[in-house]
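**Q** Quick note, the sequences are listed as chains A and B, same order.
In terms of the numbering used here, the first sequence has 253 at position 258, counting the first letter as 1, and numbering is strictly consecutive.
In terms of the numbering used here, the second sequence has 204 at position 209, counting the first letter as 1, and numbering is strictly consecutive.
Hints are computed from structural coordinates only; laboratory data are not their basis.
Keep in mind that the hints are not guaranteed to be accurate.
The list treats identical chains as interchangeable, and a pair is accepted whether it falls inside one copy or across any two copies.
Straight-line alpha carbon distances no greater than 27 Å define the calculated DSSO-like cross-link-like pairs of lysine-lysine that follow [said to hold, decoys possible]:
hint : residue 1 : residue 2
1    : K75       : K292
2    : K294      : K112
3    : K180      : K304
4    : K304      : K251
5    : K251      : K112
6    : K304      : K294
7    : K292      : K112
2 protein chains.
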Amino acid sequence: MNSHLKEDTRFSGVLTPVIMPYNSDYSPDADRLIRQCEWMLSQSVGLAIFGTNSEGNSLSTDEKIELMDRLVDAGIDANKMMPGTGCCALTETVKLTAHAISLGCSGVLMLPPFFYKNVSDEGLYATYAEVIQRVGSSNLRIYLYHIPPVANVPISQDLIERLVRDYPSTVVGIKDSSGDWSNTKAMLERQWDDFRVFVGSETFLLANMQNGGSGCISATANVNPAAIYELFANWQSEKADDLQAELNEVRNTFSKFPLIPALKQCVAHYAEDPDWARLRPPLLSLSSSQNSDLIEKLKLLNFNMPGLKDNSKATK
Amino acid sequence: MNSHLKEDTRFSGVLTPVIMPYNSDYSPDADRLIRQCEWMLSQSVGLAIFGTNSEGNSLSTDEKIELMDRLVDAGIDANKMMPGTGCCALTETVKLTAHAISLGCSGVLMLPPFFYKNVSDEGLYATYAEVIQRVGSSNLRIYLYHIPPVANVPISQDLIERLVRDYPSTVVGIKDSSGDWSNTKAMLERQWDDFRVFVGSETFLLANMQNGGSGCISATANVNPAAIYELFANWQSEKADDLQAELNEVRNTFSKFPLIPALKQCVAHYAEDPDWARLRPPLLSLSSSQNSDLIEKLKLLNFNMPGLKDNSKATK
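Chain A on its own, in the form it takes in the complex (with noise of 0.2 Å):
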């Protein structure tokens, strides 16, 4: 840690791409989700809104930027929240970002450009540099968002590198969801000055922790976030390895699952509140059959969301 930097600029710990909850005609349900990101802080959990499991390329430009500023004005805190801001189209990148940072975020996960493949270094560099000078914010800490198995657009090492070197200050940490822990280690090792390295999966986590990593961002985080964040607050403790393998059982439970449509119904079922199943085409709800087969695998595990019905209803 370098102490000429002040520890709470930038992330670490626990975060998770919030389920976007949807109205009958599909239109975000703003309520809901302020429920959701109340829950999700109330666990000690940072908010990743518009993630890949948030549903966020779902979701218009405008879309969006009313939920950010519903969410602000509903009172969550914006130090807290890490809205994932990578479309496209540069113009839209810019226009997300820098709403973000005006509403005082205090970092954003920027997804490269992800519709053309096969892009240069130098290509994904200059959408970066772009997007940076256009913002043009002091404020501004861009978390990067590495996910091939999903965008196809890979962010080399030597990438990040150029980007650490070129914008120190600003590009501080990436998402790695590529599912490889070889990758995640050799980002550790390059050891880039306070670069805050999240795991895309709580299953990394123990391991993240013990070679130098900040944390992670977990879909899984919207069901299971108390015993995650034990994990992150107690990864040096000899229970360590027994946290970590409670972890392992209820992601790979949901792994079994189209994973999105699994977390809202799991929400759905422990809050008593069936609309949280409802999805954005293209992505569907699981059918009933499968709804039934993951509750009983979840109370095999004796899993449960301790206080969700509670804040559920508080707010309602």
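Keeping the supplied structure of chain A fixed, place chain B upon it in accordance with the hints.
**A** Only chain B this time, still in chain A's reference frame:
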């Protein structure tokens, strides 16, 4: 051909994803775009603006709406326009599509939502159905856009069949940019009622016409429009094989370079208008050695763009 459908409501022939000129700040250059569109129309080539090779996915929804307005205001015939309107978010797809139809565009070319991968046919069907219902216009004509090498979200034959069955006067064609002739041929063999099959490269134009297809939507029509149109107009003549062979030579030359920057460099060279060579990040221009190499190779083919320079000057 069905007599109960007006011939002029569906496209056939040669169209091109019109290349997108940029100003030095990477804003779209509407004036140069208007000139390129006028040039294309003078060569009997229709306007598939905002296609992949138009860098359409590097533009924001607002930029695309403004450009459509500028083109129509400049007198470009909306009947000849098939704008690309498929975005990741269905709300953006609806907005762009509705605007295109309100301007009188004869059709739109619609990518599936392309961020999420391994999406079900059911989910893609739900997206297209939702867009059709929300746009809610009997003037809407959708040409599906199948481009698995870039979008990584294919449009299956079963999905097309279902859409054509449920929306026979709306889902009226496809651009097949798979580069896989067996896929094109399989669609043609289905013989959906007056369904228009366009190949994504003139390499397959003669084969497509011989098997009941409707033409091509090809990026190289930006630079070689007259020759491509000549084959379309004469595909049943004795010289068709020779015309196809000549087209292939030009196409093969361009395929030795990154296609979009090569097309722009070609126009920049033959129009003596260097600003045409600019791309928006993440895409970049050719290097100067690639530039020279391209022009050298084109000269060996006696390639030329007759009339382009006059057209370019006439409206400057």
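**Q** Now look at each hint and say whether the structure bears it out.
**A** Okay, the hints, checked on the actual structure:
1. K75 <-> K292: neither (32 Å within a copy, 56 Å between copies)
2. K294 <-> K112: Neither: 43 Å inside a copy, 30 Å across copies.
3. K180 <-> K304: Neither: 39 Å inside a chain and 55 Å across chains, both beyond 27 Å.
4. K304 <-> K251: within (25 Å within a copy, 60 Å between copies)
5. K251 <-> K112: between (29 Å within a copy, 17 Å between copies)
6. K304 <-> K294: For K304 and K294, only the intra-copy Cα distance (17 Å) is at most 27 Å; the inter-copy one is 73 Å.
7. K292 <-> K112: between (39 Å within a copy, 26 Å between copies)
Checked against the numbered hints given earlier, the structure breaks hints 1, 2 and 3 and satisfies all the rest.
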